[in-house]
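Got chain A sorted already, so can you dock chain B onto it with the hints?
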Amino acid sequence: SQQGEEDPQALSIQEGENATMNCSYKTSINNLQWYRQNSGRGLVHLILIRSNEREKHSGRLRVTLDTSKKSSSLLITASRAADTASYFCATAIGSGNTGKLIFGQGTTLQVKP
Amino acid sequence: SQTIHQWPATLVQPVGSPLSLECTVEGTSNPNLYWYRQAAGRGLQLLFYSVGIGQISSEVPQNLSASRPQDRQFILSSKKLLLSDSGFYLCAWSDPSGGVDEQFFGPGTRLTVL
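These protein sequences, in sequence, are chains A and B. Reminder that position 84 of the first sequence reads as 84 in the numbering used here, one-by-one numbering, no gaps. One gets the numbering used here by counting positions in the second sequence from 1 and adding 113 to each.
The reader is advised that the hints may include incorrect statements.
[Said to hold, decoys possible] The calculated label-pair distances, taken between Cβ atoms and stated as ranges, are:
#: 1; chain 1: B; residue 1: S170; chain 2: A; residue 2: T64; range: 30 to 38 angstroms
#: 2; chain 1: A; residue 1: S28; chain 2: B; residue 2: V173; range: 19 to 27 angstroms
#: 3; chain 1: A; residue 1: A78; chain 2: B; residue 2: G167; range: 42 to 50 angstroms
#: 4; chain 1: A; residue 1: R80; chain 2: B; residue 2: K192; range: 45 to 53 angstroms
[Unchecked claim] Reference listing, derived: stretches of chain B covered by chain A, where coverage requires no fewer than 3 residues with Cβ under 8 angstroms from a Cβ of chain A:
#: 5; segment: 159-171
#: 6; segment: 212-224
[Claimed, not checked] With a straight-line Cα cutoff of 25 angstroms, these simulated SDA-like cross-link-like pairs (lysine to any residue) come out:
#: 7; chain 1: A; residue 1: K26; chain 2: B; residue 2: Q158
#: 8; chain 1: A; residue 1: K56; chain 2: A; residue 2: T84
#: 9; chain 1: A; residue 1: K70; chain 2: B; residue 2: E215
#: 10; chain 1: A; residue 1: K70; chain 2: B; residue 2: E172
#: 11; chain 1: A; residue 1: K56; chain 2: B; residue 2: G211
#: 12; chain 1: A; residue 1: K26; chain 2: B; residue 2: P174
#: 13; chain 1: A; residue 1: K26; chain 2: B; residue 2: V213
#: 14; chain 1: A; residue 1: K56; chain 2: B; residue 2: V213
#: 15; chain 1: A; residue 1: K26; chain 2: B; residue 2: L159
#: 16; chain 1: A; residue 1: K69; chain 2: B; residue 2: V213
#: 17; chain 1: A; residue 1: K26; chain 2: B; residue 2: E172
#: 18; chain 1: A; residue 1: K26; chain 2: B; residue 2: E215
#: 19; chain 1: A; residue 1: K112; chain 2: B; residue 2: G154
#: 20; chain 1: A; residue 1: K26; chain 2: B; residue 2: G212
#: 21; chain 1: A; residue 1: K56; chain 2: A; residue 2: S71
#: 22; chain 1: A; residue 1: K56; chain 2: A; residue 2: V111
#: 23; chain 1: A; residue 1: K70; chain 2: B; residue 2: L159
#: 24; chain 1: A; residue 1: K26; chain 2: B; residue 2: G154
#: 25; chain 1: A; residue 1: K56; chain 2: B; residue 2: F217
Don't read these hints as lab results, they were simulated from the structure. A virtual CB, placed ideally from N, CA and C, is assigned to each residue, including glycine.
The following block holds chain A by itself, in its conformation from the complex (with noise of 0.2 angstroms):
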């Protein structure tokens, strides 16, 4: 079964708005991860927020996690057309040392110009 589920799937907006995605999730998680996915390329790491943060950025990123709710968001401020990519979310789970993420959908961001 599917950990992380984005929301929206696809979402398009005017450079310099504000984008904003959403990733819920279903078990207790170790920590949060975004990534970022330019088309037929892979992924990059964004920013980790772990299970005892609420609130994290990373210079034009914000980050939020509510464990209560199981879920998290993804704000890009002041977005440009360069930002246009798919964000995948990705949720640590399970004891060990592993590693291991389960990804969700992603959301694909388009940025026009």
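Leaving out everything else, chain B in the frame of chain A:
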């Protein structure tokens, strides 16, 4: 600095043919290694992961197998490809000593089975 390589970048194979995709990591030791498959417009499905040489865990039953003959080499194989094996295959690594689970991805291999 660490780098991860995958080859080939693209591959077109007939149904029933064998497959071998290779992934190598440089600049780190004892990494955890992962193979994912991504269908068009979809998320990533974890296929295999490895925490050490010769240690392979399979996440889903399928037509594929994985091997780790060296510390920084991860190979994805099939004896006979199916149409359903088409997709974008991604290799990734993480540092088990780092205390976090951030993964670093290779550029991927686009596999088309005809």
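Against the structure, the hints:
Between S170 of chain B and T64 of chain A the CB atoms are about 32 angstroms apart, so this pair conforms to the stated range of 30 to 38 angstroms. Between S28 of chain A and V173 of chain B the C-beta distance comes to about 22 angstroms, which sits within the given range of 19 to 27 angstroms. Separated by about 49 angstroms at the C-beta atoms, A78 of chain A and G167 of chain B satisfy the suggested range of 42 to 50 angstroms. Between R80 of chain A and K192 of chain B the Cβ separation comes to about 46 angstroms, which falls inside the hinted range of 45 to 53 angstroms.
Counting residues of the segment 159-171 of chain B whose CB falls under 8 angstroms from any CB of chain A gives 4; the rule of at least 3 is met. Only residues whose beta carbon comes within less than 8 angstroms of a beta carbon in chain A count, and the segment 212-224 of chain B has 10; three or more means the coverage holds. A threshold of 25 angstroms between alpha carbons decides the hint, and for K26 of chain A with Q158 of chain B the separation of about 17 angstroms falls inside it, so the pair holds. For the given pair, K56 of chain A sits about 22 angstroms from T84 of chain A by alpha-carbon distance, which is consistent with the 25 angstroms threshold.
The hinted pair formed by K70 of chain A and E215 of chain B meets the criterion: a straight-line CA distance of about 20 angstroms does not exceed 25 angstroms. Annotation: proposed proximity of K70 of chain A to E172 of chain B holds, straight-line Cα distance about 24 angstroms (limit 25 angstroms). Taking the CA atoms of K56 of chain A and G211 of chain B, the gap is about 20 angstroms. The hint holds against a cut of 25 angstroms. For the hint pairing K26 of chain A with P174 of chain B, the CA-to-CA distance comes to about 23 angstroms; that is within 25 angstroms, so the pair holds.
Distance hint between K26 of chain A and V213 of chain B is fulfilled; the C-alpha atoms sit about 20 angstroms from each other, no more than 25 angstroms. Simply put, K56 of chain A and V213 of chain B have alpha-carbon atoms about 16 angstroms apart, close enough for the 25 angstroms limit, and the pair holds. Taking the CA atoms of K26 of chain A and L159 of chain B, the gap is near 17 angstroms; set against the 25 angstroms cutoff, the hint holds. The straight-line distance between the Cα atoms of K69 of chain A and V213 of chain B is roughly 23 angstroms, inside the 25 angstroms bound, and the hint therefore holds.
Taken as a hint, the K26 of chain A and E172 of chain B pair is honoured in the structure, with Cα atoms around 18 angstroms apart against an allowance of 25 angstroms. A distance of roughly 20 angstroms separates the Cα atoms of K26 of chain A and E215 of chain B; the hinted pair therefore holds under the 25 angstroms criterion. For the hint pairing K112 of chain A with G154 of chain B, the CA-to-CA distance comes to about 20 angstroms; that is within 25 angstroms, so the pair holds. Under the criterion of a C-alpha separation no larger than 25 angstroms, the hint pairing K26 of chain A with G212 of chain B is consistent with the structure, at around 23 angstroms.
Only pairs whose Cα atoms come within 25 angstroms are accepted, and K56 of chain A paired with S71 of chain A is accepted, the gap being roughly 14 angstroms. Distance hint between K56 of chain A and V111 of chain A is fulfilled; the C-alpha atoms sit about 23 angstroms from each other, no more than 25 angstroms. Simply put, K70 of chain A and L159 of chain B have alpha-carbon atoms about 22 angstroms apart, close enough for the 25 angstroms limit, and the pair holds. With a C-alpha separation of about 22 angstroms, the suggested pairing of K26 of chain A with G154 of chain B holds against the 25 angstroms cut-off.
A threshold of 25 angstroms between alpha carbons decides the hint, and for K56 of chain A with F217 of chain B the separation of about 21 angstroms falls inside it, so the pair holds.
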